[in-house]
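Asker: Throw the hints in and build the complete structure from the sequences for me.
So the chains spell out like this:
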Amino acid sequence: MPEIRVTPLGAGQDVGRSCILVSIAGKNVMLDCGMHMGFSDDRRFPDFSYITRSGRLTDFLDCVIISHFHLDHCGALPYFSEMVGYDGPIYMTQPTQAICPILLEDYRKIAVDKKGEANFFTSQMIKDCMKKVVAVHLHQTVQVDDELEIKAYYAGHVLGAAMFQIKVGSESVVYTGDYNMTPDRHLGAAWIDKCRPNLLITESTYATTIRDSKRCRERDFLKKVHETVERGGKVLIPVFALGRAQELCILLETFWERMDLKAPIYFSTGLTEKANHYYKLFIPWTNQKIRKTFVQRNMFEFKHIKAFDRAFADSPGPMVVFATPGMLHAGQSLQIFRKWAGNEKNMVIMPGYCVQGTVGHKILSGQRKLEMEGRQVLEVKMQVEYMSFSAHADAKGIMQLVGQAEPENVLLVHGEAKKMEFLKQKIEQEFRVSCYMPANGETVTLPTSPSIPVGVSLGLLKREMAQGLLPDAKKPRLLHGTLIMKDSNFRLVSSEQALKELGLAEHQLRFTCRVHLHDTRKEQETAVRVYSHLKSVLKDHCVQHLPDGSVTVESILIQAAAHSEDPGTKVLLVSWTYQDEELGSYLTSLLKKGLPQAS
Amino acid sequence: MDPECSRLLPALCAVLADPRQPVADDTCLEKLLDWFTTVTAAGSSLLLLQENPCLVELLFRVLKSQDLSSRILSFSLRLAGIFAAQEDCFQYLQGELLPMLFGEVGPLGGAAWTAPAVRSGWIQGLRTLAQHPSALRFLAACGAVDTIFSLQGDSSLFVASAAGQLLVHILDLAMRGPARGRCSPQACDWPACAQKIVCHIEDSLCSIATPQVTQALNVLTTVFGHCRGLWTQGLWVRLSPLVARLLEKDPVPASHSLVDLLLSVARSSVPSSDRGLWETLAQTLSHLSPTQAGPLALGILKLQDCPQALRTQAFGILLQPLACVLEAAAQAPGPPGLLGGAAGDPMTADTLLCSKSACVGLLCCALTHLGLLQPLPQRPSPWPQAPLLGAAVTVLRLCSGSVAPTSDVGGRLCAILVGCGRVQRAALDFLGALSQGAGPQESVTQVFSVLLEYLMSPESSSMVLKKAFQATLRWLLSSPKTPGCCDLDPRTQLFLRELLPVLQKRLCSPCWEVRDSGLEFLTQMTRHCGGQAGFRQALLASEVPELTKQLLQDPESYVRASAVTATGQLSSWALLAAPASPERPGAQQKSLLVELLHVLCADSEGFPRRAVMQVFTEWLRDGHADVAEDPERFVARVLQAASRDPDWEVRAQGLELALVFLGQLLGPRGSHCPCAVALPETAPPGTLAQALPEAAPPGTLAQALQVLCRVQLFEFAFRALFDCDRPVAQKSCDLLLFLRAKAAPCGSPQEAGDSPNVASVEATLQRWQAGEQGQPLGYLEPGAVMAVLRSIDLEGLRDTLAESSDHVEKSPQSLLQDMLAAVGVLGENEADCY
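So the protein lines, in turn, are chains A and B. Heads up: the first sequence begins at 1 in full-length UniProt numbering, then just goes up one per residue. Heads up: the second sequence begins at 1 in full-length UniProt numbering, then just goes up one per residue.
Think of the hints as simulated: they come from the structure by calculation, not from any bench. Watch out, some of these pointers could steer you wrong.
As the list claims (entries may be wrong) - Quick look at which bits of chain A chain B covers, simulated, 3 or more residues with Cβ under 8 angstroms:
id: 1; region: 29-40
id: 2; region: 123-132
id: 3; region: 328-342
id: 4; region: 357-364
id: 5; region: 384-397
id: 6; region: 433-446
As the list claims (entries may be wrong) - Where chain A lies over chain B, by a calculated footprint (3+ residues, C-beta under 8 angstroms):
id: 7; region: 122-134
id: 8; region: 356-369
id: 9; region: 719-726
Unchecked claim - From the structure, some residues in chain B lie toward chain A, with a derived Cβ separation under 7 angstroms:
id: 10; residue: ASP25
id: 11; residue: ASP26
id: 12; residue: CYS28
id: 13; residue: PRO116
id: 14; residue: GLU513
id: 15; residue: TYR558
id: 16; residue: SER805
id: 17; residue: ASP818
id: 18; residue: ALA822
id: 19; residue: VAL825
id: 20; residue: ALA831
id: 21; residue: TYR834
Glycine included, each C-beta is placed from N, C-alpha and C at the ideal position.
Answerer: Quick look at the structure:
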């Protein structure tokens, strides 16, 4: 029985370390290869031993697909390809391919060099891994091999994020990765056509949330930054190099211009240039507004945002600084935080999730006395604000996407079990499809009924057309022919053509049946009675009485004979071809009921 | 346990047991378990529980709670396992708690059991707990073993796998009891628990359901892989007939697991007692399909000690696919091929021809397995190097379509393989591996020819080209040298002359991956052959050096970085440009230094700037001609650029360069007094030490310090000492410690402890340490530097920096504080993405 099997190694009822194995029509695909930043040992990566157990990775897996550049979706990739030993193709969009190594490199430095962690990939490994990447364009069907094809759709969320359709023959799976159904300042909304996949694997981060308008959050953000700057305070915004940072930069740039503000805005460690370079490169991936205005003015060329120098942190007066890394792990953002934390006029805004074990996590949970190195205690007097700008589809958006794609089944990943449970019921009720939410390591198996393509010969089609019936996709109808299976292909041809092609002679197969009738008359008279009876009953059929005394109805032949032992009984010999099987059976049962008495 | 942690623990336990308080971060519970494992490994668990009664209370409350999350329940099961691993603590908990947690009355019988996390926690808890005989009795009493049997077929891979592992652990524990020597195969004297497990394995092996057979085989694989007792031999004697019986089925069930088991047994102590194993292996080889038999054949050939006949059979299996290819592609009957003239196996030929995926799978396996075997000392001897080379070349030609076999089979193979990237990659890897052995001249010519064909072909994908470059490099580096001199032999030289125009073309590829692979190839070639006349001649006659230089402006930063490394290497061997005009010797070379300095100062991305720093460090170390001209000026310029760099890896590399400079100036690490170092004699040619005599008389610390002050090394190093990036600070600390160790024993002629300069330097450093790094240090006197060096607690700083940058946040106390602080503020920091 053909089936689709899905096993999450990560993102099954949790968030972080997305890695989903899909087996479809004998092809094995890995969807995302993420890491968990909350761990600093092997647990940060998905447990690949469950795949290596099936033999060599490259022999087992047909391809790896990466949905976007966030580390919880691509962070384990160099480990998987260069240390575990996967040597096959990796697919992602061009922006993802360009941005991935920057983030991987940033995280590698934090993990290995700053924290002294072992068993992590090197810069060379990141490069070697990126060389295995095959970049895909939106809506371009990429042939992985003769049978497996993939196609990318726009997912919003972050620059270059894509949903992927994986197709083998008539079976298909769509994986959304992370997506956003509402456009934001620099990205458009996710979109997919009515591809009716057998299975839609969708993220469910905000499975139970209807998110307020992002505009409100943006207004709130600007208000808080403005108020702080106005009272002479400094604002620190810890960010990762790419993604949210650009969105907030555009926001501040526009606001600064409108309000004619003078306080400087800085972006640390030269990342502005690099990031903006990439964003410029991928203008087609941004939203319509940016694309339209790009000719007049490039929104990524910031007038007010300047590169940060370490010395600026000590300058008096207000300022806004974007600094990396995003969770106040270490490095510049942490150094600035330490410097500014003691002043209540200042503010730190955390625009994203922070894992446990980071200063970001501590201050978000309200801790205000932080132990630092050497038993020193840092008193946090500055204001701490959390504003999630993460761009995920909310419950409404997820339902919208399911409606858009019209899948036969839905599978939820990248979310919390309780929230998934709620959404699962909603999806099942509204769309009348089965919805699954496997935990990590659990396999969901879906039986499929694959459609097998069959070629029809031109001759057969012409013959059908000659009958005057035009083909109509909405009205399936029967087409008789002979199915030839040759060289793994199926063809439907006329019987004559089949005989000719296969060099076979025609044999006629007739079904026969004997019907006993009580009739004392002679055989010829019985035959006449049969003829008259059938003629009166079967008005639409051609009933003939042949000179040799037999009766025919289409291909059915009826002959009357005397019974060898009982002269009062006649035997009707009925025979027919398989084409008239229905009629043959009908006639037999009719005759078995006997002939009407002669009037 | 830390008193502070002990103080926080009751509150945390209360939070964990409260179903209204969900745990903030899914990693917290794991980290908490890690901590308890560390604590109990260091001391008594019983004492821990007695001193912290909240822990036992937590376990009781968890059991009583109706609507607790599966994560907390799973955590509690694992936690109980950690405590009960010590026998006295086990006794303490056994009365009530353990049966309630792990017995029928516990989660096992409740609704929570449907959550895989709970089942997983139950197994992991038992796995940790099962460390002593009392635990075994407990397992038997609470009927846990039957539950573990059923969990082997769990819907969760993780649970099923852990159940298998637990069975092995229990079996091992049971058999580890006192005076268990070699056990009889009947196992009538085995402990009841072990007997039960073995009977279960026997039943599973006889099952008609493949999943059950697989489970049994996997358990046995782990037994023979991990358990060392003599009892394993008895176990094999008992079970081997059942395993052998699997071979009678068609198809052989769970073939992959069967192969794993047989190899695991073959690597254990069993073969010494059971020679029948070799026969089973031989039978398995002949029963399995060619694709299934490959891994077994490779495993057999890797064994240190096994019968020659079996090795021959196994090697034959690996060679079969390639033999079939050779046979199919042969234009005319040639010399005996891979199998000494024997006909190819029809089953292998069928597999190769039945479908594309089967053919590709089989060929890739064969090529990979043979490639892995090639470098091993136990590889079969004689090794059929020439036919293997022929086979690899033939496969590659079939894939490129450059060979047109006349036979029907050959034609079909060609149709299947043409353009197949997977086979191309595997064959190129294999070809590269074969470079380690010699081959007849004709074969090597063919190898060069096919490599050239691939490097030239517009059809080659970037990954195929990368592999082709790697294989080419391996063949070039292993090619024989002309007798009597160290130069390349004529055939290799000829190949090089043909190769360089191809490389040239590839350096202009629109695909960055190809340009980068080309540059990596060039760097390696130059590194190894830069001194060989033939290589130099061919390279200088080509446009490759010029093109490489142009790639310093490539739009892709990875390529720019590789171009920096390649030009650096070329320049080291004076291969970068045609000889300069007599009026301006070295003019071209100088311009590279300027160009690389420009990259260091202006490139917007880190990779090229890091590459420049590595090249410069190498140049300084090796005494590159341009550097040797004026090392002081060189170092000054480089340090100035590096100190301002936003990328801390560049700054760290700057300190590495400074360390090399110090080593040249003051002598290597280990020799204490620079005064003892006779610089001109010991330093390598072209280094600073050779150039130094012109500036100052050699061998005095004062002179050396003057030089260091002039190049502003101290300003750089002191600033780096307080860098926000730990590795930079660490490196700087090492450098300053090295300098102090070198200088201190000799004393300084200009001791300046009371110099007015010192106080201002110290004041500035204090501000830097506090994070205010705006103020420059200004020019430093050597005396002041030494005084400051002595006043800083470098050792203390080194110890602080040796800690990971998040050691405070990672501490158990911090973890407990975080978990407590997160109560009630969950919505503020909800996991989404990063």
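Asker: Kindly indicate which numbered hints from before are broken by the structure, ordering the numbers from low to high.
Answerer: 7
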